[in-house]
Structures are given as C-alpha cells and as structure tokens.
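Using mature numbering (1 follows the signal peptide of the UniProt record, and there is no 0), the letters of the sequence shown map in sequence onto residues -23 to -1, 1 to 255.
You may find that some hints are simply not true.
[Said to hold, decoys possible] Dumping the calculated DSS-like pairs for lysine-lysine here, alpha-carbon to alpha-carbon at most 30 Å:
{"id": "1", "residue 1": "K154", "residue 2": "K57"}
{"id": "2", "residue 1": "K154", "residue 2": "K89"}
{"id": "3", "residue 1": "K154", "residue 2": "K207"}
{"id": "4", "residue 1": "K57", "residue 2": "K141"}
{"id": "5", "residue 1": "K187", "residue 2": "K167"}
{"id": "6", "residue 1": "K101", "residue 2": "K126"}
{"id": "7", "residue 1": "K89", "residue 2": "K57"}
{"id": "8", "residue 1": "K154", "residue 2": "K181"}
{"id": "9", "residue 1": "K193", "residue 2": "K181"}
{"id": "10", "residue 1": "K167", "residue 2": "K141"}
{"id": "11", "residue 1": "K167", "residue 2": "K154"}
{"id": "12", "residue 1": "K167", "residue 2": "K126"}
{"id": "13", "residue 1": "K167", "residue 2": "K57"}
{"id": "14", "residue 1": "K101", "residue 2": "K89"}
These are calculated hints, taken from the structure and not from any lab test. Here the structure is a predicted model, which means the values were calculated and not measured.
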Amino acid sequence: MNRWCMAGLRSAALMMVIHGAWAAAPQAAAPHAPAPAAPVSAQPAAPAAAVPGHTQDDGRIRIQLVARDQVDLSSEIGAKIASMPFRDGDAFRAGQTLVSLDCSLFAAQLHKAQAESDAAVQLKHVDDRLSQLHSIGQIDVDEASARAKASAAEVAYMQATVHKCSIAAPFDGRVVKRSAAAQQYAEPGKTLLTIVDTGHLELKMIVPSKWLVWLKPGHALTVTVDEVGKTYPATVARIGARVDPVTQTVDVTAALSGHTPELLPGMSGWASFAGAGH
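Could you build all of it, start to finish, from the sequences and the hints given here?
Structural data, given as structure tokens:
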C-alpha cells in the first residue's frame, strides 16, 4: 500500500474517533424556564381573633351590674312556717312580710308573762302602801320590787320573741331563691329566702391604674347594657383602695342615675367615660 493510501486511512480513522467522542459527550443543559410564581390570593387575610380583656381600643370598659345588698334570710327562733307568699323572681316592697311563723305557743307564753307582771306590779303597790303604814319590813318591799322587775323583763323577752315570728323585707327587691316552704319547720339560722336589692344597682369594673391621673369619684360616664340595649348615665362612686401590682389595674364602682326597674343584677355592658384623658 502506497503512502497516499495510508494517509487516507489515517484521516478516515481520526474522523471516526472525533465523531464518536462528540456523540458520547453530554449535551449542554438547556436553561430552565423560571418556575411560575405562586398565585396570589385576592381574598383579604382573616382578621386576628379578638383578645379577651376588659378594655376596648376605643377606651370602653367592660362592666357588670351587681346589687348593693343580697341577703340570706333565716329565722332566729325554731317554729313552723305559717306562710311564705313570695316565690322566686317575685318583687316586694320594704316592710312587707316575707315569712310568717306559727308562734301561737310563744304568744301564749307572752300572755302568761303579762298576767304575772300585772300581779307583781299590784303586789308592789300594796307592799309600798303597807310600808308607809309600817306594817311590813323593808325586806318585803324590796322583794316585791324585784319580782315586779323580773316579771317586766320576762314580758319584754317574750315580746321580742313574738316579734321574731314575722320576717319583714329590709328593702325593696326581689326573691332570688326560696329554700323552704309553708308548713316546714324553720330551724334557727337556716336560710329560708335569698333576696336581692334591685333598687340600688352598682356597676363594677376594672380600669388601668394609669387612669387614676384623671379618674376621680363623681366622674360622669355612660353605660350601655347588653341585655336591654339601652344607655344609662352613671357616676363613679368609689375607687379601690389598692392597685393590682401584676396587672396594674384598680377596681372602680359606679352608681346608676335615676330609676331603672328593667335592670337586674348580673347584666353586663360597656362603660364610656366623659372627657377621658386616655
């Protein structure tokens, strides 16, 4: 084979090697298209949940209505209950009889004591007269006087006992709960009725202690009661005697102005202060 043929073969072999290397080489990675952006929601974000608290952003304070007085009525003596005319929720006026006890036995003992007292007084008068006539000694006169005083004390005791046979309302209000009924036996000290004073309602609230700079007794405010949907005027009556060192708050009591028979203890609402400095 001549040299020209050998040169041609070498050239052909070199071209085959180059072509095979090019085919085996990895292709250049095509540039990746950017990933599509996540779609943006057109809906507004949900509002944050309300944080429970006693103060609103607008300065209003959460309040609760409480009765100035709530009393558990009980008997001071043991006797059968004759009548209890008022039931749960009934309204009453001050002085009305809430509980009547059967005190016929105590009444009889009172009559006996009164008779004995009358006899002792008459005996004393006789002994005083006899003493003036020097018919009896001073010892007899002193004994008659002592018996008259003892009889008078027994009458007073029985009168007080009979007076306890009737329990009258100490204020205008309503019955919260009956714990007994007519014909039952009333034990001394055991609750018969729970009553509440609905004529003098107060507002209880907790305010930031920094409000003490401007909040004083007599400060005017308005109260919107949730249960009735009405707004009432009120004034600050009392401010607590101490500031809570942890929460930096203080108790405040306000009094409603005017007659509000539709309001009941336990109702709640919001108070707004006039000319508040907060």
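Structure-based check of all given hints:
no.: 1; hint: K154 x K57; result: holds, 19 Å
no.: 2; hint: K154 x K89; result: violated, 38 Å
no.: 3; hint: K154 x K207; result: holds, 28 Å
no.: 4; hint: K57 x K141; result: holds, 13 Å
no.: 5; hint: K187 x K167; result: violated, 46 Å
no.: 6; hint: K101 x K126; result: holds, 10 Å
no.: 7; hint: K89 x K57; result: holds, 21 Å
no.: 8; hint: K154 x K181; result: holds, 23 Å
no.: 9; hint: K193 x K181; result: holds, 15 Å
no.: 10; hint: K167 x K141; result: holds, 14 Å
no.: 11; hint: K167 x K154; result: holds, 14 Å
no.: 12; hint: K167 x K126; result: violated, 34 Å
no.: 13; hint: K167 x K57; result: holds, 13 Å
no.: 14; hint: K101 x K89; result: holds, 18 Å
Of the numbered hints given earlier, the model fails hints 2, 5, 12; all others are met.
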